[in-house]
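Going line by line, the protein sequences match chains E and G.
In terms of this note's numbering, the first sequence opens at residue 1 and continues consecutively.
In terms of this note's numbering, the second sequence opens at residue 1001 and continues consecutively.
Be a bit skeptical, because a hint or two may be false.
Said to hold, decoys possible - Below 30 Å or equal to it, Euclidean Cα-Cα: the simulated BS3-like pairs (lysine-lysine) are: (1) G/LYS1018 <-> E/LYS79; (2) G/LYS1080 <-> E/LYS79; (3) G/LYS1080 <-> E/LYS134; (4) E/LYS30 <-> E/LYS181; (5) G/LYS1023 <-> E/LYS130; (6) G/LYS1003 <-> E/LYS79; (7) E/LYS130 <-> E/LYS184; (8) E/LYS123 <-> E/LYS140.
What the hints contain is simulated information worked out from the structure, not anything from laboratory work.
What follows is each chain in one-letter form.
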Amino acid sequence: MGSDTIIEVSDLTKSYRDFLAVNHINFEVKRGEIFGFLGPNGAGKTTTIKMLTGLIQPTEGTATIRGKDIRTQIVEIKKTIGVVTEDSNLYDELSVFDNLRFVGQLYGVSQLDREKRIGELLKRFDLESKREAKFATLSKGMKRKVTIAAALIHSPQVVFLDEPTTGLDVLSARILRAMIKELKALGVTVFLTTHYIEEAELLCDRVAILVKGTIKTVDTPGNLIATTSSKNLEEAFIEITGLKEEIMLVEKEGKR
Amino acid sequence: MFKEEVKGSLYIALKDLKMYYFKPPNLSWGIMFPIVMALAFILRNPSGVKDLASGLIAMSILFAATSAEAIVIVFERRTKTFERLLLAPLSLQAILFGKVIGGVIFGFLMSSIFLIGSVIFLGVPFSNILFLLASLVLSAFVFAAFGTLVSVAVKEIFDAMTLANFFRFPMIFLCGVFIPVSALPSFLHPLAYALPLTYSVDLIRFFITESYDLVHPVICMVVLIFYSIVLFYLSVWVLKRRIEQ
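Please model the complete structure; the sequences and the hints are all you need to start from.
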């Protein structure tokens, strides 16, 4: 593992009875990069994130985050990572402030630092006017912002974002992308899964393409476009994932 | 590390108390249900108030500690907020301990209300207040751990209520709450001995009447500690399996 490697995944595998969700995958994520984890539905992206963040145990293989093993040192790892899952998993009944305070408490952030950090995050995410609003009353975009703020409350060094812009309007998605870039500027490593390939092309330093639990390739968007002689990352993605024939078939059916 | 885990557990408990416990439906289960049941028996036999007090207090702990506890995790798993706890730098034991402590605090508070009410309004005497309060806490832990086990074992809130009531209601009649276990038909005794409420009632009775129906208070305490440990670790084990499914 190089000194600039922050996540190292070795033969990571997850199976559920007869179903192999993730099949012996290997890749590395470098410190401070935005790493895109792309793949069609059911490719195993969320399962991989769940393993890396300690929500589920791998069946085989392992991974290290900042040199710590996810199998044996997951509590230590969790202190330095922030996770934004597909769902905004905060408490509807609590206010924005109470939600952030509770998450800060769970991460052991001292009261003084917590109050200061919440203030900073509310300001950064333009949520100061919603401080006392119940989470349930917020729009989807605002909920997403609060969820991301909650993931940053303990100033993590690695942030996992699972489909962060899904279901957001154009403006909210743009703001979120700007925030992701800002995280990188702050030296935070970002592990991002998204269905929006153009989003990955805009944001990611490197991407891994996962198909049916197996990694097809890991490279920079530029290299992937060049090696597949594509116009953009979406075309390259379609080529690499083998979706081209399926799409052609769908288009043919549509013309009938 | 241990300190951080305990702190995390307490924050979870405080959040649960605020969000789920001090809410009207839960208060009605914790207060109204035991009162109504007790009144029915007091009206039938007014002279047996002193004997009934221990059962009433134990029943209030059972219902207060389990009513929200049995559904909290099911609810949070459905709303995905339980995932928030699983992502925190806490062990599964610390998370579930926090959940149990919420039930323990609420169960203890509710039973304390019944204890004070019994003393003031029914003239029920008691001895050794510290041991009595310890018995309430111990009983609350057993029932909160039972509620947690129910909550991790099922997927739907309706199933949680059904499963909790499947054990709670028979316990009221089998464990000496209204009828001493010694007065039950002998074929029911093994069942009574297998249920934790029996030991809870007998333990509390000892500090009120200075006598016990079935089991010496020290043995009651040992049995309740045993149930606490078994139910708690069974919950951890079941939850681990559920997460992996």
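Here is how each hint holds up against the structure:
Taking the CA atoms of G/LYS1018 and E/LYS79, the gap is near 26 Å; set against the 30 Å cutoff, the hint holds. Pair hint G/LYS1080 plus E/LYS79 holds up; C-alpha atoms about 20 Å apart against a cutoff of 30 Å. Pair hint G/LYS1080 plus E/LYS134 holds up; C-alpha atoms about 17 Å apart against a cutoff of 30 Å. Between E/LYS30 and E/LYS181 the CA atoms are separated by roughly 16 Å; this keeps the pair inside 30 Å, and the hint holds.
Pair hint G/LYS1023 plus E/LYS130 holds up; C-alpha atoms about 25 Å apart against a cutoff of 30 Å. With a CA separation close to 15 Å, the supplied pair G/LYS1003 and E/LYS79 stays within the 30 Å bound. In summary, the hint linking E/LYS130 to E/LYS184 is supported, as the alpha carbons are separated by about 26 Å, within the 30 Å threshold. With a CA separation close to 19 Å, the supplied pair E/LYS123 and E/LYS140 stays within the 30 Å bound.
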